[in-house]
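2 protein chains.
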Amino acid sequence: MIKDLVLKNRTYRRFFQDVKIPEETLLELIDLARLTSSGANFQSLKYFLSYEEKANGKIFPYLKWAGYLTDWDGPEEGEKPSAYIVMLADREISPNHFWDHGLAAQSILLGAAEKGFGGCMFHGIDREGLKKELGLGERFDIVMVIALGKPNEKVVLEEVKDPKEIKYWRDSEGVHHVPKRKLQDLIVN
Amino acid sequence: MIKDLVLKNRTYRRFFQDVKIPEETLLELIDLARLTSSGANFQSLKYFLSYEEKANGKIFPYLKWAGYLTDWDGPEEGEKPSAYIVMLADREISPNHFWDHGLAAQSILLGAAEKGFGGCMFHGIDREGLKKELGLGERFDIVMVIALGKPNEKVVLEEVKDPKEIKYWRDSEGVHHVPKRKLQDLIVN
Numbered sequence: 319m320i321k322d323l324v325l326k327n328r329t330y331r332r333f334f335q336d337v338k339i340p341e342e343t344l345l346e347l348i349d350l351a352r353l354t355s356s357g358a359n360f361q362s363l364k365y366f367l368s369y370e371e372k373a374n375g376k377i378f379p380y381l382k383w384a385g386y387l388t389d390w391d392g393p394e395e396g397e398k399p400s401a402y403i404v405m406l407a408d409r410e411i412s413p414n415h416f417w418d419h420g421l422a423a424q425s426i427l428l429g430a431a432e433k434g435f436g437g438c439m440f441h442g443i444d445r446e447g448l449k450k451e452l453g454l455g456e457r458f459d460i461v462m463v464i465a466l467g468k469p470n471e472k473v474v475l476e477e478v479k480d481p482k483e484i485k486y487w488r489d490s491e492g493v494h495h496v497p498k499r500k501l502q503d504l505i506v507n
Numbered sequence: 319m320i321k322d323l324v325l326k327n328r329t330y331r332r333f334f335q336d337v338k339i340p341e342e343t344l345l346e347l348i349d350l351a352r353l354t355s356s357g358a359n360f361q362s363l364k365y366f367l368s369y370e371e372k373a374n375g376k377i378f379p380y381l382k383w384a385g386y387l388t389d390w391d392g393p394e395e396g397e398k399p400s401a402y403i404v405m406l407a408d409r410e411i412s413p414n415h416f417w418d419h420g421l422a423a424q425s426i427l428l429g430a431a432e433k434g435f436g437g438c439m440f441h442g443i444d445r446e447g448l449k450k451e452l453g454l455g456e457r458f459d460i461v462m463v464i465a466l467g468k469p470n471e472k473v474v475l476e477e478v479k480d481p482k483e484i485k486y487w488r489d490s491e492g493v494h495h496v497p498k499r500k501l502q503d504l505i506v507n
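So the sequence lines, in the order shown, correspond to chains E and R. Under our numbering, the first residue of the first sequence carries the number 319, and numbering increases by one thereafter. Under our numbering, the first residue of the second sequence carries the number 319, and numbering increases by one thereafter.
There may be inaccurate statements among the hints.
As the list makes no split between identical chains, a pair holds if one copy fits it or if it spans any two.
DSBU-like cross-link-like pairs, simulated, lysine-lysine; straight-line CA separation at most 30 angstroms [said to hold, decoys possible]:
| hint | residue 1 | residue 2 |
| --- | --- | --- |
| 1 | Lys-500 | Lys-449 |
| 2 | Lys-372 | Lys-482 |
| 3 | Lys-449 | Lys-482 |
| 4 | Lys-433 | Lys-498 |
| 5 | Lys-376 | Lys-479 |
| 6 | Lys-321 | Lys-498 |
| 7 | Lys-472 | Lys-321 |
| 8 | Lys-482 | Lys-376 |
| 9 | Lys-468 | Lys-321 |
In short, the hints are calculated from the structure, not lab data. Fair warning: this is a prediction, and the values are worked out from it, not measured in the lab.
Work the whole structure out from these sequences, hints included.
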């Protein structure tokens with residue numbers, strides 16, 4: 319059931335770093351993105367894959383972790399992601415990728431959830447720094463980074479009480495809480 | 319398997335119009351979107367639902383169908399969608415919905431595929447006209463419209479030959495062909 323997979327697919331920020339993700343698995347995930355719908359069928363998204371300790375270490379410093387957890391700078395050694403997918407927009411194909419990035423990311427992350435992995439999408443990226451680090455040409459914009467690994471944290475959904483209080487938070491036992499709006503509050507008619 | 323669902327989830331533009339989609343089904347699809355990740359957890363996307371012939375008829379004229387099929391103005395009576403989900407961004411919550419629209423749409427459409435339905439995402443919308451028609455307030459922007467129904471057309475994927483030839487096309491038997499880039503062409507490293 320897709321609902322089980324959607325529920326399993328939470329945002330994870332701490333992983334079993336020693337559980338590797340082979341290149342082949344990443345390619346299977348990119349294949350899901352490839353087979354996903356694309357606005358005007360441009361298919362302008364491309365991917366840089368990282369799945370080895372050394373390459374992963376180059377990407378990590380360019381990411382900003384969990385804006386709402388102000389006293390946490392990101393996962394410690396041993397809990398870092400095992401792989402990264404850097405999603406790029408190829409400007410030589412199109413200046414506009416519509417909502418393809420979200421469609422593709424959801425396919426990738428549902429695929430990862432099915433395989434027992436989990437991930438986190440990054441918008442907070444030092445894009446210029448990472449572009450230089452990875453040696454990416456002028457034609458590519460970094461759209462997002464997806465960190466992946468075998469999750470090593472518990473994430474629970476709960477109901478939003480005050481509509482303005484939507485920040486996720488971590489309790490004293492390290493459980494990550496995510497307030498979700500009620501279904502009825504999302505329907506306008 | 320998520321791959322089967324991703325493959326089943328093609329863009330459909332012709333439907334069995336007499337196969338209705340009940341409100342409850344649409345709410346189940348919105349619930350999938352609700353349970354999907356949201357940038358900074360803002361959850362600023364909201365939804366206008368349409369599933370009755372009369373309401374559907376009000377939305378149809380504001381949509382531009384299949385840009386590449388220049389001799390086709392959209393589905394004829396009997397092949398029109400049975401329902402629409404109008405995805406809105408609530409500016410009072412956030413001016414930025416990151417890539418939430420794509421994530422949510424993919425959850426909705428995979429959920430629809432699982433239930434034997436299919437759909438089409440619209441970017442080409444007369445937004446001002448549709449906002450007025452639906453009586454939506456200033457706080458809402460129309461992000462996309464998803465048309466839904468029981469698909470009444472065959473869609474086949476094929477491999478892109480020339481990287482510049484990515485337009486979908488319909489053959490003399492009405493089969494819709496979608497060229498997809500090769501996996502190896504999406505990986506930059």
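So, going through the hints one by one against the coordinates:
| no. | hint | in the structure |
| --- | --- | --- |
| 1 | Lys-500 to Lys-449 | between (39 angstroms within a copy, 24 angstroms between copies) |
| 2 | Lys-372 to Lys-482 | neither (41 angstroms within a copy, 36 angstroms between copies) |
| 3 | Lys-449 to Lys-482 | between (36 angstroms within a copy, 26 angstroms between copies) |
| 4 | Lys-433 to Lys-498 | both (25 angstroms within a copy, 25 angstroms between copies) |
| 5 | Lys-376 to Lys-479 | neither (40 angstroms within a copy, 35 angstroms between copies) |
| 6 | Lys-321 to Lys-498 | both (15 angstroms within a copy, 28 angstroms between copies) |
| 7 | Lys-472 to Lys-321 | both (19 angstroms within a copy, 26 angstroms between copies) |
| 8 | Lys-482 to Lys-376 | neither (37 angstroms within a copy, 34 angstroms between copies) |
| 9 | Lys-468 to Lys-321 | both (20 angstroms within a copy, 20 angstroms between copies) |
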